[in-house]
Every structure is written in structure tokens, then in C-alpha cells.
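Undergrad: Let the hints inform the model, and build the full structure from the sequences given.
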Amino acid sequence: MATTTSNSTSMESSSIFSIKNENQKLTLAIVEKPNDVYYSKLNAILKEKGKPPEEDRREVPMPILRQCMEELIRETL
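Following the numbering used here, the numbering of the sequence shown begins with 1 at its first residue and continues without gaps.
Calculated directly from the structure, the hints in this document are not laboratory data.
Predicted model only: the values in this text are computed from it and were never measured.
Glycine included, every Cβ here is placed at the ideal spot set by N, Cα and C.
Do not rely on the hints blindly, as some may be mistaken.
[To be verified] Cross-link-like lysine-lysine pairs, in silico, DSS-like; alpha carbons within 27 Å at most:
(1) Lys33 to Lys47
(2) Lys41 to Lys51
(3) Lys49 to Lys33
(4) Lys33 to Lys51
[What the hints assert, rightly or not] Quick list of the computed label-pair ranges, beta carbon to beta carbon:
(5) Leu77 to Glu55: 28 to 38 Å
(6) Arg74 to Asn43: 10 to 20 Å
(7) Gln67 to Asn35: 14 to 24 Å
(8) Pro53 to Lys33: 17 to 27 Å
TA: Next comes the structure, spelled out in C-alpha cells:
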């Protein structure tokens, strides 16, 4: 009889575990790497300004870099 109780308990806990796992899967979100977010935003601003994406990021004008950072800060607040 003790084994029946432990079996039903283990079955209950395994079903709770599977429900918990299903809920966790639903709440997971894909998070991009910060570097990818930054460069995608920077390239979008460069395209908007009619400038080609720079190979050397040191060549990007400072006002564009500032705009990129300000937009990212606003989006993450």
C-alpha cells in the first residue's frame, strides 16, 4: 500500500512537472544579443539617413551614434 501511495505521488509530481514545463515554454522569449540589437538599430538609422553601412564603425558620425544610443535607451526603459 505504501508503494501505491508513492507511485501516485510520483505520478502527480511528474504531471505537475510536465505542466510546469509547458508553462515555462510558453513564457520563454527570444532575447537578442546586445551587440546584434545595437548594430541592427545603427544600420537602420544609417539607412534612414541615406548613408551606407560603414565597415569601420569609427567612421560613423557621432550624431548618428548618439541617436542610436538614445533610441535604444528609450526602448529599454
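Undergrad: State for each hint whether it applies.
TA: Outcome of the hint check:
1. Lys33 to Lys47: Holds: Lys33 and Lys47 sit about 21 Å apart, inside 27 Å.
2. Lys41 to Lys51: holds, 14 Å
3. Lys49 to Lys33: holds, 25 Å
4. Lys33 to Lys51: holds, 24 Å
5. Leu77 to Glu55: 28 to 38 Å: holds, 32 Å
6. Arg74 to Asn43: 10 to 20 Å: Hint holds: Cβ distance 18 Å, inside 10 to 20 Å.
7. Gln67 to Asn35: 14 to 24 Å: holds, 18 Å
8. Pro53 to Lys33: 17 to 27 Å: holds, 18 Å
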